[in-house]
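There are 2 protein chains.
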Amino acid sequence: MRNNEEESAGAILCNRQEETQMIYLDNAATTWPKPEETIKAMEECIRNAGANPGRGGHKMSLSAGRIIFETREAIARLFNAGDPARVVFTGNATESLNLALKGILKPGDHVITSSMEHNAVARPLYVLKNRGVEVTEVPCSPQGTLDPGDIARAVKRNTKAVAVVHASNVTGAIIPVEEIGKITRERGIYFIVDAAQTAGLLDIDVEKMNIDILAFTGHKSLYGPQGTGGLYIGSGVLLEPLIQGGTGSKSESLEQPEDLPDKFESGTPNTPGIAGLGAGIRFINSKGQAWIRRHEQGLVARFLDGLEQMKKIEIYGPKDPALQVPVVSINVKGQDSSEIAFILDKVFDIACRSGLHCAPMAHKTMGTLERGTVRFSFSVFNTEAEVDRTLEALERTVAELP
Amino acid sequence: MRNNEEESAGAILCNRQEETQMIYLDNAATTWPKPEETIKAMEECIRNAGANPGRGGHKMSLSAGRIIFETREAIARLFNAGDPARVVFTGNATESLNLALKGILKPGDHVITSSMEHNAVARPLYVLKNRGVEVTEVPCSPQGTLDPGDIARAVKRNTKAVAVVHASNVTGAIIPVEEIGKITRERGIYFIVDAAQTAGLLDIDVEKMNIDILAFTGHKSLYGPQGTGGLYIGSGVLLEPLIQGGTGSKSESLEQPEDLPDKFESGTPNTPGIAGLGAGIRFINSKGQAWIRRHEQGLVARFLDGLEQMKKIEIYGPKDPALQVPVVSINVKGQDSSEIAFILDKVFDIACRSGLHCAPMAHKTMGTLERGTVRFSFSVFNTEAEVDRTLEALERTVAELP
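So the sequences go chain by chain: A and B. With the numbering used here applied, the first sequence closes on residue 407, and no number is skipped along the way. With the numbering used here applied, the second sequence closes on residue 407, and no number is skipped along the way.
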């Protein structure tokens, strides 16, 4: 396939490689570049606080522990989570979501989810279904929007939790979590939110939104490094850990400690990563989350405007910067999504992503399960000039393709 | 407690703080410093290959994927693991051991372990015991040595696995894994080895030693950063994943892919950490693993010689550099282990660890469950001069304590 694409791209665009700086539009996969602060904090941590946190009483171990606590505090403040101990670190949002879903749902329980979920929710639920958990998938519109009334109507006597993505990683569509939170609170159901695409970008207030578990990743809109993530666990949530082991606490006992965060943080944490995540959050706070959101909405608006003027382009999602995160999925009529992404990368040095984006349920909802989409996603570091160059590149690609 | 210690240390040593460089002897918790190569590789990865590996076809995503593959290959070579796909990355050895134990052992199965295990093995086994897995704990000597014959004698009809630590994190005692591997291979039992204290330091050949699952951490003797670890999974091993989610592969399916390593690597990996781990292994290879081992044995020999001349010191473990990793546990007669560690840190700027070291089973075996031990552990960066200064500091501390 790659060979065919290479030939095709070659035939069409004469193997010419534009001499320009790379444009990175794959920020929904991971943000790049990272703020200088993030990189510096990691190096500083390894050099000067490189001991094992919480596993020794010496000065350097305490310094490492302090870095982790400060990041925990910054996250608690960001999500209005109250007690920082309720913020638990994991390796990524997928681990957080597995912990949440498997730690709560037992055979006989019923869970409600949406038809726009990433495999980080869909695959664990598939496993749980085979273990006797009942799963209802509430359909979203092809744009990826969800009617909270459909959630309310799906509630049954054995419904234990609602688990939904805060914003789709394919269409960018934002799910009305605040309205869903009202429904779950009223019915006494746990509310689990996958904030992989929204943490650091949209306002998230776990109190106001009645979120019981918020799963986040550190390396996207929180501007931390890969290898970081975590979850907020509400005070009323009874959750079993996925992993037991050394916690540096209650070491005399073979039983996992019940105290948070230790109950869910066995083994040595990713201290330099967490240092970088802390710096990422300080970076967001210094720019202002609202400013970042406005900047990215401006880029999405400009990109959507340009796309709408191109005949052969199909745009997915809400097509409204206010209703979506800075993720735009498209297809070129009659073309394979991977061929378009390949040409953009090879000829124009524009990095985007094609295919199914680890979310087959979402693609089924959108009607793109066969061909996938070409996805462009922006960060605070992207510029209007980059949007314009990308539109121009798309225009030229579309014009020259058969 | 801390306050009392502070007073006591103050009273004895007159609050004098020696003006010296810190001596870091807590390398069994995490090695420090890290090689320059490790830090540079992480920064280089974030700056120049900071995309999401395996989740896009663009050039930077491929660069990130290449870094991960190269580290996988380096680890496979180090352990003679054959196919690099059989090396799977996790966040730490604890996660690896949970995956191994919970992925293999089902109710009704029998597992044999030792009485020197870390909580990374002991706590998951405690959970499995409550789920109906039968656990036999083969007693070790108070020095932490184990007779392989005791393993053979513990095998029953329903024995599914033997899970042991390769070297104790408390006494440093090396367990004869090659002999145990012969027993498990003969009986058709899975052999799971916790190499947290040995990977990168002792020769490990999974073929020769008949190891089915080798769990390792990246941030100790492999000289990578915290947040890295993994496991080797032998080709005959039927293992269920602990975590399901996006793998960047077979995205159309809700079923977790069966191919390795994807089956066990859901969600975005710690790419910069894995880049650092790869550099750590290159550092080991450039120094020579045998040279590092000899250097550290020399430090242990010098330290043991010095300790043996001090009257009030009790030394645990084999007291033979050939039979242990560079970990030495002691106590000062009549003194609390945490008080000694506190004085060493505060007065002499020597970082070591006191207490139970996340291994209550080991302390029970050693008879130190009440008071713990003071643990000193060395890395390639420690020197003979540091050993001498530590001995001198201990001598002065012991002399001045009541």
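The set of hints was computed from the structure by calculation and includes no laboratory data. Please note that a few of the clues may not be correct.
No distinction is drawn between identical chains; accordingly, a pair holds when it is met within one copy or between any pair of copies.
In silico DSS-like cross-links for lysine-lysine, where the CA-CA straight-line distance does not exceed 30 Å [claimed, not checked]:
| no. | residue 1 | residue 2 |
| --- | --- | --- |
| 1 | Lys45 | Lys111 |
| 2 | Lys268 | Lys255 |
| 3 | Lys165 | Lys187 |
| 4 | Lys317 | Lys134 |
| 5 | Lys64 | Lys369 |
| 6 | Lys64 | Lys316 |
| 7 | Lys134 | Lys165 |
| 8 | Lys64 | Lys134 |
| 9 | Lys324 | Lys111 |
| 10 | Lys351 | Lys338 |
| 11 | Lys64 | Lys324 |
| 12 | Lys338 | Lys317 |
| 13 | Lys338 | Lys316 |
| 14 | Lys255 | Lys134 |
| 15 | Lys324 | Lys369 |
| 16 | Lys64 | Lys317 |
| 17 | Lys268 | Lys165 |
| 18 | Lys324 | Lys351 |
The hints, checked one at a time:
1. Taking identical chains as interchangeable, the C-alpha atoms of Lys45 and Lys111 are never at most 30 Å apart, the minima being 44 Å within one chain and 46 Å between chains.
2. Only within a single protomer do Lys268 and Lys255 lie at most 30 Å apart by alpha-carbon distance; the minimum there is 11 Å, versus 33 Å between protomers.
3. In this assembly of identical chains, the alpha carbons of Lys165 and Lys187 lie at most 30 Å apart only when taken from the same copy (15 Å versus 49 Å across copies).
4. Taking CA atoms no more than 30 Å apart as the test, Lys317 paired with Lys134 passes in neither setting, with 41 Å inside one copy and 61 Å between copies.
5. Taking the shortest Cα distances, Lys64 and Lys369 sit within 30 Å of each other only across copies (28 Å), while inside one copy they are farther apart (54 Å).
6. Taking identical chains as interchangeable, the C-alpha atoms of Lys64 and Lys316 lie at most 30 Å apart only when they sit on different chains, with a minimum of 29 Å there against 64 Å within one chain.
7. Both within a single protomer and between protomers do Lys134 and Lys165 lie at most 30 Å apart by alpha-carbon distance, with minima of 14 Å and 27 Å respectively.
8. Proximity of Lys64 and Lys134 under a CA criterion of 30 Å is satisfied in neither setting, with 48 Å inside one chain copy and 38 Å between copies.
9. For the identical chains of this complex, Lys324 and Lys111 are neighbours neither inside a copy (39 Å) nor across copies (50 Å), given an alpha-carbon limit of 30 Å.
10. Taking the shortest alpha-carbon separations for Lys351 and Lys338, only the intra-copy value of 20 Å comes in at or below 30 Å, while the best inter-copy value is 70 Å.
11. For a Cα distance limit of 30 Å, the shortest separation of Lys64 from Lys324 across copies, 29 Å, qualifies, whereas the shortest one inside one copy, 53 Å, does not.
12. For the identical chains of this complex, Lys338 and Lys317 are intra-copy neighbours only, at 5 Å inside a copy versus 83 Å across copies, given an alpha-carbon limit of 30 Å.
13. With identical chains, the CA atoms of Lys338 and Lys316 are at most 30 Å apart within one copy only, with a shortest distance of 9 Å there and 85 Å across copies.
14. For a Cα distance limit of 30 Å, the shortest separation of Lys255 from Lys134 across copies, 20 Å, qualifies, whereas the shortest one inside one copy, 35 Å, does not.
15. Taking identical chains as interchangeable, the C-alpha atoms of Lys324 and Lys369 lie at most 30 Å apart only when both belong to the same chain, with a minimum of 19 Å there against 64 Å between chains.
16. Taking the shortest alpha-carbon separations for Lys64 and Lys317, only the inter-copy value of 26 Å comes in at or below 30 Å, while the best intra-copy value is 63 Å.
17. With identical chains, the CA atoms of Lys268 and Lys165 are at most 30 Å apart both within one copy (22 Å) and between copies (28 Å).
18. For the homomeric pair Lys324 and Lys351, the shortest alpha-carbon distance inside one copy (28 Å) is at most 30 Å, but the shortest distance between copies (61 Å) is not.
Comparing the model with each numbered hint stated earlier shows that hints 1, 4, 8, 9 do not hold.
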